[in-house]
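Asks: Sequences listed follow chains A and B, in order. According to my numbering, the residues represented by the first sequence are 284 to 668, in order. According to my numbering, the residues represented by the second sequence are 284 to 668, in order.
Any given hint could turn out to be false.
[Stated by the list, open to error] Sample of chain A residues at the chain B side, in silico, Cβ under 7 Å:
#1 361
#2 362
#3 364
#4 366
#5 375
#6 387
#7 529
#8 660
[Claimed, not checked] A few chain A residues that don't get close to chain B, going by computed Cβ distances all over 10 Å:
#9 300
#10 318
#11 328
#12 346
#13 437
#14 473
#15 510
#16 537
#17 599
#18 642
[Unchecked claim] Rough simulated footprint, nothing fancy, chain B against chain A, three-plus residues with beta-carbon under 8 Å:
#19 347-359
#20 404-415
#21 514-526
#22 540-548
Honestly, the hints are just simulated from the structure, not real lab data. Note that CB positions come from ideal geometry on N, CA and C, so glycine has one too.
2 protein chains.
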Amino acid sequence: MTNPYPGVSLVGTGQIPVQKRNPHSLREMGVMAMRRALEDAGVDAVEAVFVGNMLADELQGQKHIAALMASEAGLRGVEALDVEAATATGAAALRMAYFAVQSGSARVALALGVEKMSEGQPVHALAKALDAEREAPTGATLLSQNARMMQRYMDEFKVPVDAFDQFALIAHHNARTNPNALFRDKAVTIADVQSSRVIVPPLRLFDAAPICDGAAAVVLARTDEARAFSDHPVRVLSSHVATDRFRLEDRADPFELYAVQKSSLAALAAAGVTLADIDFFEAHDAFTIMTCLALEAVGFAMRGEGWRLAAEGQIALGGPLPISTLGGLKARGHPIGASAIYQTCEIVQQLTGRAGPNQIHGAECAMLLSVGGVASTAITHIFAV
Amino acid sequence: MTNPYPGVSLVGTGQIPVQKRNPHSLREMGVMAMRRALEDAGVDAVEAVFVGNMLADELQGQKHIAALMASEAGLRGVEALDVEAATATGAAALRMAYFAVQSGSARVALALGVEKMSEGQPVHALAKALDAEREAPTGATLLSQNARMMQRYMDEFKVPVDAFDQFALIAHHNARTNPNALFRDKAVTIADVQSSRVIVPPLRLFDAAPICDGAAAVVLARTDEARAFSDHPVRVLSSHVATDRFRLEDRADPFELYAVQKSSLAALAAAGVTLADIDFFEAHDAFTIMTCLALEAVGFAMRGEGWRLAAEGQIALGGPLPISTLGGLKARGHPIGASAIYQTCEIVQQLTGRAGPNQIHGAECAMLLSVGGVASTAITHIFAV
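Make the full structure from the sequences, and use the hints.
Replies: This is how it looks when you write it as structure tokens:
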């Protein structure tokens, strides 16, 4: 049976630099990223806009953001909806835009991720990714839950905290040539990592991605029409969302990351590729332990050995499996709802030979993994030229 | 060219009674509605769950609700994403489930709407549907903006406030046989409406839908497989979202409701039907002025004359265009993110001859309109048997 669906391709990207505090408002940031993506695709309008934002309800007192953004961008009449999946929110927006095109509802759709964390209490707002009845009341945050996983991993597999150093070092190295990265001017040494402040033991400052402001957008079109918008479209081979038992406490095996396993396996199957075809991997490196566990759950490393890919340099630019090639969540920055859209933009840069000094030569296929909460949600997209 | 898409049908519904204060928690309410819908469709699981909820971030301190609900319902592994479009949120969840099936991503998907407004400050949280920078700081709320539209309408078209009485009366009459309605035991008289407290002049208590708790869910499947799940599937003929200039103040004509016009016209065209084919209309009767303006924007009434359809009884059960046939937002209740899903369940009841004493005989085609904010967003779905 032939596939009746049109297929979906990326035909435009727009980023604004990630900053500790962007002087513009949430809406201004979003509109700037949208305009850049529309300009890149050579269009004035789209049929649908999907916005990923996690924190504006608490931090800016704003809901109904997609309609607001569409209106502020001058796109009167367009479809506009908000989508959220905690820290995987950007990938959820990408999936909705994919749905709109793949279902025949829109010929051209835009996914925007936008987050302004420099206002209010972002750590408090982020904790809403956890169970408000059974986790948050114990004082649990994403930091404390990841610290807990990290300690258990170190105990279980007899791994010292230094085993995680290279995740941060490689990310910071990769960010240095990315003009949109938060830490692009920062030369980080192993001494910086090892002497960094312990936030929640054993988790150090360099084990966690920074709080920051950012916005990025991508334009999607039907694959059979993609060349009308772009000379270098990138195909979305597959998109898959999976969830796990919500609370870390309820999982028999805290290291399994079932949602990551399921979503990545299904995305590979739907794309018709194997792990060997993946030229680079945009990981959800919000925490070093999460990167480590995800590498294992996807199947890039054996159980208990994900850290080795960092320690042995395999995930560096010249290695067999480059990750976070333009800085990742750790060093490009992690403005929650925007992160996966930044990663999608970076994947387009890599797959179209426009990644500058960090170019992965001959890259043709990439995997993007986004993780919501403590891997309660995982969203995988696979792209190719 | 033949349509390559599978088509989408409703194959299961689940409601819990709307209450002023449901003794169960947000998650318990959601899981109950999900279980009832799954049971009605005769399935243990689905591939994807889309959750519409607007207020839990502020009222319950909970985000990431879809993954939580899926986990609490025992659906480990399933896709689960949250969607929001202010007061049109339930319809956005329905649209996402429609996308999932129509795009070939899922064979069976569930849309859940859930809202618990009996905790916290729901009026404050609802105001986040407006512009947080330029409307909310002036003290504007959905109540005050609708009151403003109502006053302008009364002035412009020389209509007294009593012209709106029948919207509430008809809704309350229709709710009396609906076991899931908030006001099912309430006999409301015209004297009750006319003597009701003025909340924001000229808007009276009976001109606004109540704050309440509720949850409802629907199961969707491919039309070509729908009879495997249900003996009486209902087809989703079309689904369309449109937006307008976000702020009421920025519109040249406050009575036009451009988003409603655009979304309803596009949905009719995509469904291949005309207004004459619509046997009943599930309106967004959160405010009497909004029902009146929507009747005009969709084309059921001439400009300035929407109120006549109520005053003349045309929208009553025996009239040519019944609306809010099981009580509507006004009398069944308006638990924000759940409302459009309740309406979808009620449409299924009507189109399958299971609406009890309120049955519209021979009903074959229905329109559902949901409005986000002050009609900044409009979502139209058309259904048929």
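Asks: Now tell me if each hint is right for this structure.
Replies: Verification of the hints:
A hinted interface residue such as residue 361 of chain A counts as satisfied when its beta carbon comes closer than 7 Å to some beta carbon of chain B; here the least separation is about 6 Å, so the hint holds. Hint status for residue 362 of chain A: holds, given a least beta-carbon distance of 4 Å to chain B, under 7 Å. A cut of 7 Å between beta carbons decides the hint on residue 364 of chain A: the least distance to chain B is about 5 Å, and the hint holds. Because the closest C-beta pair between residue 366 of chain A and chain B is about 5 Å apart, less than 7 Å, the hint holds.
With a cut of 7 Å, the hint placing residue 375 of chain A at the interface with chain B holds, because the nearest CB-to-CB distance is about 5 Å. With a cut of 7 Å, the hint placing residue 387 of chain A at the interface with chain B holds, because the nearest CB-to-CB distance is about 6 Å. With a cut of 7 Å, the hint placing residue 529 of chain A at the interface with chain B holds, because the nearest CB-to-CB distance is about 4 Å. Given the 7 Å rule on beta carbons, the hint for residue 660 of chain A holds: about 5 Å separates it from the nearest Cβ of chain B.
At roughly 23 Å, the least C-beta separation between residue 300 of chain A and chain B is larger than 10 Å, which holds for a residue marked as non-interface. Under the 10 Å C-beta cut-off, the non-interface status given to residue 318 of chain A relative to chain B holds; the minimum distance is some 17 Å. No Cβ of chain B approaches the Cβ of residue 328 of chain A within 10 Å, the least distance being about 12 Å, so the stated non-interface status holds. At roughly 4 Å from the closest C-beta of chain B, the C-beta of residue 346 of chain A falls inside 10 Å, breaking its exclusion from the interface.
Annotated as non-interface, residue 437 of chain A keeps its C-beta farther than 10 Å from every C-beta of chain B; the closest such distance is 27 Å. For residue 473 of chain A, the requirement that its beta carbon stay farther than 10 Å from each beta carbon of chain B is met, with the minimum near 35 Å. No beta-carbon of chain B is positioned within 10 Å of the beta-carbon of residue 510 of chain A; the least distance is around 21 Å. The beta carbon of residue 537 of chain A is kept farther than 10 Å from every beta carbon of chain B, the shortest such distance being approximately 15 Å.
In this structure residue 599 of chain A is separated from chain B by more than 10 Å, as the shortest Cβ-Cβ distance comes to about 33 Å. The non-interface label for residue 642 of chain A is consistent with chain B: the shortest C-beta to C-beta separation is roughly 33 Å, beyond 10 Å. Counting residues of the region 347-359 of chain A whose beta carbon lies closer than 8 Å to any beta carbon of chain B gives 9, which meets the minimum of three for the stated coverage. Counting residues of the region 404-415 of chain A whose C-beta lies closer than 8 Å to any C-beta of chain B gives 5; at least three are required, and the coverage claim holds.
Coverage of the region 514-526 of chain A by chain B holds [criterion: at least 3 residues with CB-CB distance below 8 Å; count 5]. Only residues whose beta carbon comes within less than 8 Å of a beta carbon in chain B count, and the region 540-548 of chain A has 3; three or more means the coverage holds.
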